[in-house]
Amino acid sequence: MTHIEVRNDAAANRVTIADVAALADVSVPTVSRVLTGAAKVSRVRRERVERAIAELSFRPSAAARALASRRPQVIAIIAGDTSQYGYAEAIRGVEESARASGYTVMITVVESNDDAVVEKAIAATLSQSLAGIIVLKFDPPGVAALAQMPHEVPIVALSGVRDTSVPQAVIDETRAAEELTNYLLDLGHATVHHVRVPASRREDGRTTGWRRALRTAGRDVPVILDATWDPHSGVAVGAGIAASRDVTAVFCGNDEIAMGVIRGITDAGLSVPEDISVVGFDDHPLAALWSPPLTTVDQDFARLGRRGFSLMLAEIAGEATRKYSSERPPVVVRQSAAAPSRTRGGA
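Those letters in the sequence shown? Residues 1 to 347, per UniProt numbering, in order.
One should not assume that every hint holds.
Between beta-carbon pairs, the in silico distance windows are [stated by the list, open to error]: (1) V333 to R43: 48 to 58 angstroms; (2) R245 to V74: 49 to 59 angstroms; (3) R342 to W229: 33 to 43 angstroms; (4) D267 to L289: 17 to 27 angstroms; (5) G269 to D220: 22 to 32 angstroms; (6) I224 to R51: 52 to 62 angstroms; (7) A100 to E319: 10 to 20 angstroms; (8) E319 to D267: 49 to 59 angstroms; (9) R328 to P293: 21 to 31 angstroms; (10) R219 to G269: 21 to 31 angstroms; (11) T216 to L289: 28 to 38 angstroms; (12) Q128 to E50: 21 to 31 angstroms; (13) K323 to I107: 21 to 31 angstroms.
Please keep in mind that the hints were generated in silico from the structure rather than gathered at the bench. Every residue, glycine too, gets a C-beta built ideally from N, C-alpha and C.
Take the sequences, apply the hints, and build the full model.
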C-alpha cells in the first residue's frame, strides 16, 4: 500500500477522495460507495478505505458530500458480444426499461474469457459510479466475468440456465429444447440430429433438453454437429447433412445457423422439409420470412432484459425478495418441419 504523508492540518484539509483511493488501493467510486453506504463493498475493501480515511484524517467537503449522497443512475451491462441477435435484443430490453426508470446504460464488451481480458473489462466497469451491473451470461466471456466480479454493487445475470450465484432472469432453454425435440419425434422421426452453437458451459440448456428428450423417448442420441456463430458455418454443416442419408430431422442451436443449414441442404439439391426437417431457436425477425418459414422457439430476449432490469431495481432498493425469474419460451410452428421422407433415414 502506498504511504501518503500528511504534514499538518492545512495539508490534511487538502486531502482528496483520490488520495484516499490511492492509499487504500481501490477505485474512487469504491471510496464513494463506502462513504455513502449506498452499495455493497467487500469487507476487505471497506476496511482498507476506512483505515485510509482515518490515516489521512479525510473530511469530504460539503460539495463532495452532496455529490456522494446522490444515488448513482448508471447501469452497466457486461457482454461477450453485441452483434448477435439475442445479445442485442437483451441489451435493448435493459436499456429501454432503464431509460423509463431514469437510468442510463453503459456497455462493456468482454472479448474473450482470458483472465487478463476479463480483469481489464471489470476494472474499467468498476471505475464508474454505478447503481448496478447486469451480466449477459450467454457465453464463456460472460461466465468468466460473472465469476470474477467483486460484489461491490448489485449484480444481476441474464442466462439460459439457472445457477444460484446472483439474482438471475432466465429463459428455460432446457425445457423449450426438450419440447421442440419432442415435436419432431411426434412427426415420426426416428431421432433428431443437433447442430450446436458455441455454449457458455460444457453443455448448454438447448443441448441438454435435446439429449433429455431423446433419452426419455428411448431414441438414439446422434453425435453432435458443431457450428460457429457465423451462419456460413451452417452452410457447410448443411452440406454434410445432405450427404448423410440417415438424417431426417435437424435441431439447430439458433435460427441463423438453421438458415445456413437450410441453404447447405438446398444447395445440395434436397428440399426442406420434404427431404429433411430443420428447426431453429430464438425466433429471429427473419425466421418467418425465410424459405421455408422456420419452426423455432420464441426466446423474446428483449423481455428477458426487462425482467433482468426489474430484478436489478429490487436489488438497488434493497427490497429483493425474489432472486430468480424464469420463463419457458414457446415453440413457434411454421413450415420447415414435416413427417420424415420415405427415401431417407435408412428406408
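Here's how the hints hold up against the structure:
1. V333 to R43: 48 to 58 angstroms: holds (53 angstroms)
2. R245 to V74: 49 to 59 angstroms: holds (57 angstroms)
3. R342 to W229: 33 to 43 angstroms: holds (36 angstroms)
4. D267 to L289: 17 to 27 angstroms: holds (19 angstroms)
5. G269 to D220: 22 to 32 angstroms: Given a distance of about 26 angstroms, which is inside 22 to 32 angstroms, the answer is holds.
6. I224 to R51: 52 to 62 angstroms: With a Cβ separation near 54 angstroms, I224 and R51 satisfy 52 to 62 angstroms, so the hint holds.
7. A100 to E319: 10 to 20 angstroms: holds (19 angstroms)
8. E319 to D267: 49 to 59 angstroms: holds (56 angstroms)
9. R328 to P293: 21 to 31 angstroms: holds (22 angstroms)
10. R219 to G269: 21 to 31 angstroms: holds (28 angstroms)
11. T216 to L289: 28 to 38 angstroms: Distance hint for T216, L289 holds at roughly 34 angstroms.
12. Q128 to E50: 21 to 31 angstroms: holds (22 angstroms)
13. K323 to I107: 21 to 31 angstroms: 24 angstroms Cβ-Cβ, so the 21 to 31 angstroms window holds.
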